[in-house]
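Start from the sequences, fold in the hints, and give me the full structure.
Remember, our numbering sits 496 above the position in the sequence shown when you count from 1.
It is worth saying that the hints were derived from the structure and are not from the lab.
Among these hints, one or two may not hold up.
With a Cα cut of at most 25 Å, we get these calculated BS3-like pairs of lysine-lysine [to be verified]:
#1 K642 to K617
#2 K568 to K500
#3 K498 to K642
#4 K634 to K689
#5 K569 to K634
#6 K617 to K634
#7 K689 to K642
#8 K500 to K569
#9 K689 to K569
#10 K569 to K617
#11 K498 to K568
Label pairs and their calculated CB-CB ranges [claimed, not checked]:
#12 F755 to S505: 18 to 26 Å
#13 I650 to V587: 23 to 31 Å
#14 G713 to M592: 47 to 55 Å
#15 G713 to S505: 27 to 35 Å
#16 R728 to F504: 50 to 58 Å
Since the structure is predicted, the reported quantities are computational estimates derived from the model, not experimental observations.
Think of the CB as a built atom: it goes at the ideal place given N, C-alpha and C, for glycine as much as any other residue.
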Amino acid sequence: MKAKFQNFSKIVCAVLILAISVNMFLGPHHIAAGGVSGIGILAETTFGVERSLVVFILNVVMLILAAVFLGKKIFFNTIAGSILFPFFLSVVPEVMLTSDRLLSVIFGSLIFAIGVSILYKIQASSGGTTIPPLIFEKYFNVNTSKGLFFTDFIIVMMSLYVFGFEEFLFAILSIGITSIIMTYIETGLKRRKAVMIISQGYTQELRQNLMARVNRGLTIFDVRGGQQEQRREMLMIVVSNQEYPEVIRLIDEIDPTSFMITYNVAEVHGLGFTYHPIQ
497 MKAKFQNFSK IVCAVLILAI SVNMFLGPHH IAAGGVSGIG ILAETTFGVE RSLVVFILNV
557 VMLILAAVFL GKKIFFNTIA GSILFPFFLS VVPEVMLTSD RLLSVIFGSL IFAIGVSILY
617 KIQASSGGTT IPPLIFEKYF NVNTSKGLFF TDFIIVMMSL YVFGFEEFLF AILSIGITSI
677 IMTYIETGLK RRKAVMIISQ GYTQELRQNL MARVNRGLTI FDVRGGQQEQ RREMLMIVVS
737 NQEYPEVIRL IDEIDPTSFM ITYNVAEVHG LGFTYHPIQ
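Set out below in structure tokens:
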């Protein structure tokens with residue numbers, strides 16, 4: 497019961513955040529950046545119908561589709577957000593907090609991303625255009641991200657027709673910012689770099705210096721070349737962004753001809769990163 501109450505509280509908080517984003521940042525500047533809120537903004541401008549009513553009607557339709565095609569679990573995960581979102585859209589005042597469109601898009605998208613991320617973390621939804629992609633995936637094997645992109649693309653193209661080219665560009669910018677912020681919230685801000693090194697004859701020297709100067713553990717892999725099938729050792733070390741330049745300098749000093757691959761790591765757990773023993 498306690499867990500259910502906590503989840504419901506998070507849904508209320510998240511949906512309120514979404515409503516603030518739409519009514520105080522994106523809506524006043526006619527930024528229809530996808531979703532049912534985007535359709536609501538378009539309908540309000542074109543037909544004079546309140547966006548909260550449009551969102552409510554669309555969410556009810558999507559709830560019915562979810563119950564028929566997706567089953568009870570998704571229906572119950574969606575119902576609270578689907579009802580609360582139009583309610584908060586009608587309660588939160590439609591106020592233009594800043595006349596600067598760019599600031600509104602940046603902060604509106606940031607706030608919107610936070611709200612959606614809260615919902616995703618508890619496997620909930622505000623309903624709307626998140627339902628059709630799930631149906632397409634279940635029955636037509638279409639990837640959900642592609643389905644969501646397609647629905648948002650249609651809404652953004654409609655904003656080009658209704659509002660004009662400038663609002664269309666701002667809508668695209670809003671979607672991009674929201675996507676980036678959600679990715680960072682999902683994977684964390686403390687990203688690392690994994691470096692893989694293959695050296696012709698300096699593997700041991702590199703290993704000793706990396707451990708001494710960077711003060712990080714590393715892993716040794718036995719690998720085989722694809723062309724001549726020569727067996728070699730490959731070093732892998734995970735470092736912070738601040739430590740990465742020192743790794744590059746060290747490799748260039750010892751063996752500038754070594755083969756090196758670097759890639760971003762979204763999350764690292766364990767000794768030296770998330771666990772620090774008491775000395």
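Okay, the hints, checked on the actual structure:
no., hint, verdict
1, K642 to K617, "holds (21 Å)"
2, K568 to K500, "holds (17 Å)"
3, K498 to K642, "violated (36 Å)"
4, K634 to K689, "violated (36 Å)"
5, K569 to K634, "holds (14 Å)"
6, K617 to K634, "holds (22 Å)"
7, K689 to K642, "violated (29 Å)"
8, K500 to K569, "holds (14 Å)"
9, K689 to K569, "violated (38 Å)"
10, K569 to K617, "holds (16 Å)"
11, K498 to K568, "holds (22 Å)"
12, F755 to S505: 18 to 26 Å, "violated (52 Å)"
13, I650 to V587: 23 to 31 Å, "holds (29 Å)"
14, G713 to M592: 47 to 55 Å, "holds (54 Å)"
15, G713 to S505: 27 to 35 Å, "violated (41 Å)"
16, R728 to F504: 50 to 58 Å, "holds (56 Å)"
This entry does not satisfy hints 3, 4, 7, 9, 12 and 15, going by the numbered hints stated previously.
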